[in-house]
Structure formats: structure tokens, C-alpha cells
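Going down the list, the sequences are from chains A and B.
Going by our numbering, the first sequence opens with residue 1, and the numbers climb by one from there.
Going by our numbering, the second sequence opens with residue 1, and the numbers climb by one from there.
Simulated from the structure, these hints should not be mistaken for laboratory data.
Fair warning: there could be bad hints in the mix.
[To be verified] Simulated pairs of lysine-lysine, DSSO-like, Cα-Cα distance not exceeding 27 angstroms:
#: 1; chain 1: A; residue 1: Lys178; chain 2: B; residue 2: Lys21
#: 2; chain 1: B; residue 1: Lys136; chain 2: A; residue 2: Lys178
#: 3; chain 1: A; residue 1: Lys70; chain 2: A; residue 2: Lys56
#: 4; chain 1: A; residue 1: Lys178; chain 2: B; residue 2: Lys137
#: 5; chain 1: A; residue 1: Lys178; chain 2: B; residue 2: Lys116
#: 6; chain 1: A; residue 1: Lys77; chain 2: A; residue 2: Lys66
#: 7; chain 1: B; residue 1: Lys137; chain 2: A; residue 2: Lys270
#: 8; chain 1: B; residue 1: Lys116; chain 2: B; residue 2: Lys159
[Stated by the list, open to error] Derived list of chain B stretches under chain A, where covered just means 3 residues or more per stretch with a C-beta under 8 angstroms from a C-beta of chain A:
#: 9; region: 14 to 23
#: 10; region: 231 to 239
#: 11; region: 256 to 270
[Said to hold, decoys possible] Using C-beta positions, here's what the derived DEER-type ranges look like:
#: 12; chain 1: B; residue 1: Ser143; chain 2: A; residue 2: Leu17; range: 46 to 54 angstroms
#: 13; chain 1: B; residue 1: Glu189; chain 2: A; residue 2: Pro117; range: 37 to 45 angstroms
#: 14; chain 1: A; residue 1: Gly96; chain 2: B; residue 2: Pro174; range: 34 to 42 angstroms
#: 15; chain 1: A; residue 1: Leu171; chain 2: B; residue 2: Arg263; range: 27 to 35 angstroms
Every residue gets a Cβ at the ideal spot worked out from N, C-alpha and C, and that includes glycine.
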Amino acid sequence: MVEKKDMRRKLPVFFGLHAKLPRGLGIVLALLPFALLVIVYLTASDIRQKANPQDKLLPPVSKIAKALEKSAFTLDKRSGVILLWQDTASSLRRLGIGMMVSACLGFLMGLNMGLLPGIRGLSLSFVTFISNIPPLAILPILFISFGVGEVGKVMLIILGTFPLITRDIYLAAKRIPKENIVKALTLGASQFGVVYRVVFPQVIPRLIDTVRLSLGAAWLFLIASEAIASQDGLGYRIFLVRRYLSMDMIIVYVAWITFLAFLADLGLRKLVAVRYPWYSPRAEG
Amino acid sequence: MTENTPFLLYLEDVQKQYGEKIVLDDIDLAVKQGAFCTVVGPSGCGKSTLLRLILGQEQATSGRIFMEGVPIALPSPDRGIVYQRYSLFPHLTILDNTMLGKQLSVPFWTSLRRKKTARDEAMHYLESVHLGAHAKKYPHQLSGGMQQRVAIAQALIMKPKILLMDEPFGALDPGTREAMQLLILELWEAHGMTIFFVTHDLEEAVFLGTRILVLSQYYRHESASRESSGQGARIVADYPLNTRKARSTRVKETAKFGRLIQRIRYDGFDPEYRQDAREFNLKHTDSFITFTE
Ligand SMILES: Nc1ncnc2c1ncn2[C@@H]1O[C@H](COP(=O)(O)OP(=O)(O)OP(=O)(O)O)[C@@H](O)[C@H]1O
Ligand SMILES: [Mg+2]
Numbered sequence: 001m002v003e004k005k006d007m008r009r010k011l012p013v014f015f016g017l018h019a020k021l022p023r024g025l026g027i028v029l030a031l032l033p034f035a036l037l038v039i040v041y042l043t044a045s046d047i048r049q050k051a052n053p054q055d056k057l058l059p060p061v062s063k064i065a066k067a068l069e070k071s072a073f074t075l076d077k078r079s080g081v082i083l084l085w086q087d088t089a090s091s092l093r094r095l096g097i098g099m100m101v102s103a104c105l106g107f108l109m110g111l112n113m114g115l116l117p118g119i120r121g122l123s124l125s126f127v128t129f130i131s132n133i134p135p136l137a138i139l140p141i142l143f144i145s146f147g148v149g150e151v152g153k154v155m156l157i158i159l160g161t162f163p164l165i166t167r168d169i170y171l172a173a174k175r176i177p178k179e180n181i182v183k184a185l186t187l188g189a190s191q192f193g194v195v196y197r198v199v200f201p202q203v204i205p206r207l208i209d210t211v212r213l214s215l216g217a218a219w220l221f222l223i224a225s226e227a228i229a230s231q232d233g234l235g236y237r238i239f240l241v242r243r244y245l246s247m248d249m250i251i252v253y254v255a256w257i258t259f260l261a262f263l264a265d266l267g268l269r270k271l272v273a274v275r276y277p278w279y280s281p282r283a284e285g
Numbered sequence: 001m002t003e004n005t006p007f008l009l010y011l012e013d014v015q016k017q018y019g020e021k022i023v024l025d026d027i028d029l030a031v032k033q034g035a036f037c038t039v040v041g042p043s044g045c046g047k048s049t050l051l052r053l054i055l056g057q058e059q060a061t062s063g064r065i066f067m068e069g070v071p072i073a074l075p076s077p078d079r080g081i082v083y084q085r086y087s088l089f090p091h092l093t094i095l096d097n098t099m100l101g102k103q104l105s106v107p108f109w110t111s112l113r114r115k116k117t118a119r120d121e122a123m124h125y126l127e128s129v130h131l132g133a134h135a136k137k138y139p140h141q142l143s144g145g146m147q148q149r150v151a152i153a154q155a156l157i158m159k160p161k162i163l164l165m166d167e168p169f170g171a172l173d174p175g176t177r178e179a180m181q182l183l184i185l186e187l188w189e190a191h192g193m194t195i196f197f198v199t200h201d202l203e204e205a206v207f208l209g210t211r212i213l214v215l216s217q218y219y220r221h222e223s224a225s226r227e228s229s230g231q232g233a234r235i236v237a238d239y240p241l242n243t244r245k246a247r248s249t250r251v252k253e254t255a256k257f258g259r260l261i262q263r264i265r266y267d268g269f270d271p272e273y274r275q276d277a278r279e280f281n282l283k284h285t286d287s288f289i290t291f292t293e
């Protein structure tokens, strides 16, 4: 027993391959960079404010709080709505519709490409080609052909994310062992059944994962298209207030977007872990 | 031995090539209903290939394969399969894995209606492989031996005419392996099954089978021009074994058992010793040419 204890004590707490972080230290370490960021910001902001009380670049916390109050809790005099909520609703609607369409499209295409050689032959090179078009470069084309309304923005999100989702699902479907598919056939599955009753459910968690990773790109396309042509939306607002150098407002919006993105990521990750425990099996007790 | 004896499985001049390489050459084989047919051979000789051809997973380059007189096509429920791995569906619980066949073989809506009966039947099969207590678990939570038992139950529920097994116990430790051997014999007798069992373990093959086939590329062909290393495997030996199976693995220690294994080693696994191709297929009662002592 004594020996064992000694052995354990030898494991480093922080350095090296074998480091074993105690729980408390883990939390502290995780929070440390955030704390540093806040401290650096506060100090820098303080210095600049002292030099010039009108400074707009690094507004003090009080100004940021006021901007938050103004955008999130007070009705805008001109439009009669609370701006932050209005913007959030518009942006999330675009993001949601775009991701939904591209997930469904990418999933069905990827699934069928992965399993059916005919579909693969027909579309693999085309999808690869499409996925190499930089989506932002064709934004003008989208705005010209779909208008500067909602459709153009949603189309950008779809075009920007669906090739990647398609290719990822295609690879996932192709990775299903041949044995698994033959087994399903010997269990009486039809060809349709193999695709939609055997492989389909196996690939769903992969789809959620892919969507989660594509969300970063989707936000980029959303904000870019809102910045260029829009009447509302989180991206629109940020680029609007930039004209007045309202750094406080920008900070509020960026923090809010980051929080939303973080929530979406966390939610999808938890969904996979809870709903699909077989997908990434951890060591269980 | 007459031509019109109904064979369950019948292979005629089956040959399989991958590109230029001949893997299986001129395989003739007839398997009777109820046989426990084991297949052994040197590594890479084409045992799995032969099994895949019978399954319909791959097509023979030439020759024909019949099930009860009907040429086989793609994989179908009358031929069950248990692989060494990947037989189970990772996204389904053990119970769902076992009842999957009952569900996939009917339209989706019907399968929903019949879920209860399918579940009861699956439970029954799971209990027959002693896994009733694990019905709710996922495959990754089970040991290798348990997973193979699920795979067997999953195949059995379809009541296949023949059960094909490709080294099903190959990845198990010796103790589990022996328990599985006894279990499969028990199930084989209980269900009156026909089994086609590929293994690289000679002892296992002799212990389990009512008939053993030795597949090998080590034989002498009548046309000497053919390069001996590039020739396809054939069935170089075919012995009947005990039909009344012993319930104990003790038989493995007997001298007779050992002698037979030595003999088979000689027949198929020794590159130095090569039989003449003309002498093949003569040793078993189900062979094509009548064999007289
Ligand atoms: N899809 C394929 N394409 C090309 N060659 C193949 C293919 N599948 C198998 N082969 C070749 O066919 C030969 C027989 O393979 P097979 O897997 O049937 O052997 P096996 O007797 O089952 O071997 P093992 O005892 O190692 O399982 C091997 O030489 C292998 O390289
Ligand atoms: Mg093999």
C-alpha cells in the first residue's frame, strides 16, 4: 500500500505526458486565460481612459454595461423593438433555415453517395468541385440571382456548408464495414432498407457532429451577408455601429454571438453524448 | 451416391479470380442438409473467399452455386452469416440487434406493429445463448465472446437454411472459445441446422465438424506447365467425421483425434507434400465420383 501511494505521488501535476490534474486545479487552469484576458483589458482600458476620457477604442466596463442595457433591455425609439432580440431572432432564423436545409441535403446526398455506386459516380466529382468554390466569392452572384432579401443570405449559408457536410457524411457512410451491410441483407433488408433503416441511423450522430463543426463557417457566412446587405441581424448591427466607433456595442454583440455559438456547440455535443451513447463510447464503470 | 440426392448446397466448377490471380480453382462441392461442414486451409488460401461466394457477397468468375437446386444470387435470409467482427450493429442494443431480422424483413409500418412479438422471440433466442440479462446493453459494452453469441442469436432468428461462419471464434481466448464450441454444437443439434464453418484452427475444425474440407493451393496439377505457386486453391481433402458429437472437449486429447489432425496437416498445409489433383474429391460419401474402398 505504501509503495502504491508513493508511486502515485510521483505523477506530475502539470508537466509532461503523465500529468494528472487534480479536479480543483483543472478548473483553475481552465479559468486562468479568461481571467488574464479580463485583467489585461481592464488595465489597458483604464490607462487609455486616463489619458483621454473620450477614448472609444477600449471602453470601460460601465460603458459596456450601458450599451448592454440600451440594446438588450430598452425599446428602440425609432423601430419600437428591442434591438438585440430583434437582431438575434432574424440571425438565428437565417442560420437555422440555412443549416437545416444544408444538413438534410448533405445528409441525403452523402448517404446515398456512400452506399450507391451509381449516385457516387454521378455526383462525387461535382460535389468536390462545388466544395472548392469559395462561397464568399460568389456572394454577389447570389445577391444578384436571389435578391438581397432572406433567400440570398440563406443560400450563402447553404452553399457554404452543404458540400462539407455531404463529403463528411459520404465518408462516414462509406466507412460502414461491408460485412455490416451484407449482414443486413441476410437479415432480410431490402436495398432501400439497408440505406434508410440500417445505415441511416448509424450516421445520424455523425451528422450532428458535422453540423456542429460547420456552424463556425455558417456564422461567418451569415455575418458577412448581413454586413453587406440587410435591415437587421447581428452582423448588420455590428457593421452599422462601427460607423460611430461604438466599440461598447460591438463588444456586447460579439460576446453575445460567441455565447450563442458556444451554447449551440455545447447543446449539440450533449445531444450526441446523451442520445447516442454508442457513438463515442467512453470507458464505463 | 446418386445424382438426384437433394443437396442443400451444391458448387459446380467454381473458380474465382481477383484480376490475374486465381484464388479458387475448380471447386466442386455438395453439402447435405444437417451437415456441420468445417473448412480449414493455410492462411490466405481463399477460405473466406469461398464463404463470400456461397453467401453471395461476391460472384464467382465461373462455375455455379446452387441452394436446393436454385442458383444463388445476392445475400438473402436463407443464408445466415456470422463474421469474426462487424456482425453486430453498433447503434442497436443487444435485444434490438437480435430482433433486427424480424423487423427488416417486413415493411417499416408492419415492423412497428409486430414489435412486441419480435421482441419476445428475440428474448427467447438471447436466452438460448445465455444473454437474457444483457438485452439492454450496447455491443461495445460486451466482451468479444458475448458479442459473438449475440451475432449467432441474430442469425438464428431468421432460421437460415445454412449458417455460414467465418472464423467466428478466432478472436476469443481459449477458455471462451471452448465454451462457444460447445454452445454452437448444442444449437446445431437443437435447431437441426446446416453449418458451414471456416476456421484456421485444425483442432476446432475436427472437434466441431461432421465433415472437414481442406482447402489448399499445395497440390500437383496434371499440367506441369502451370506455375505451382500461382495456382488457385482446391479442396485437397474431404473427410467424414464423427456424426454423434461428443459433449466433452476431452475427445481432443485422444490419439485418434491427434492422428487425424496430423493427416490433415499433411494433406493441405505442407508445401513439400503435394497430392496429385486427380485423387481429390474421392474421400467423402458426398463427393461426385463414387468412392469404393
Ligand atoms: N477483394 C480482393 N481483391 C484482391 N485480392 C483479394 C481480395 N480478397 C481476397 N484476396 C486475395 O485472395 C486470397 C484469399 O483470401 P481469403 O481472405 O479468402 O483467404 P483466407 O483463406 O480466408 O485467409 P485467412 O486464413 O487469412 O483468413 C488472398 O491471397 C487475398 O490476398
Ligand atoms: Mg479469412
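Results of checking the hints against the structure:
| no. | hint | result |
| --- | --- | --- |
| 1 | A:Lys178 with B:Lys21 | holds (22 angstroms) |
| 2 | B:Lys136 with A:Lys178 | holds (26 angstroms) |
| 3 | A:Lys70 with A:Lys56 | holds (17 angstroms) |
| 4 | A:Lys178 with B:Lys137 | holds (24 angstroms) |
| 5 | A:Lys178 with B:Lys116 | violated (30 angstroms) |
| 6 | A:Lys77 with A:Lys66 | holds (16 angstroms) |
| 7 | B:Lys137 with A:Lys270 | holds (20 angstroms) |
| 8 | B:Lys116 with B:Lys159 | holds (19 angstroms) |
| 9 | 14 to 23 | violated (count 0) |
| 10 | 231 to 239 | violated (count 0) |
| 11 | 256 to 270 | violated (count 0) |
| 12 | B:Ser143 with A:Leu17: 46 to 54 angstroms | violated (30 angstroms) |
| 13 | B:Glu189 with A:Pro117: 37 to 45 angstroms | holds (42 angstroms) |
| 14 | A:Gly96 with B:Pro174: 34 to 42 angstroms | violated (57 angstroms) |
| 15 | A:Leu171 with B:Arg263: 27 to 35 angstroms | violated (49 angstroms) |
When each numbered hint is compared with the structure, violations occur for hints 5, 9, 10, 11, 12, 14, 15.
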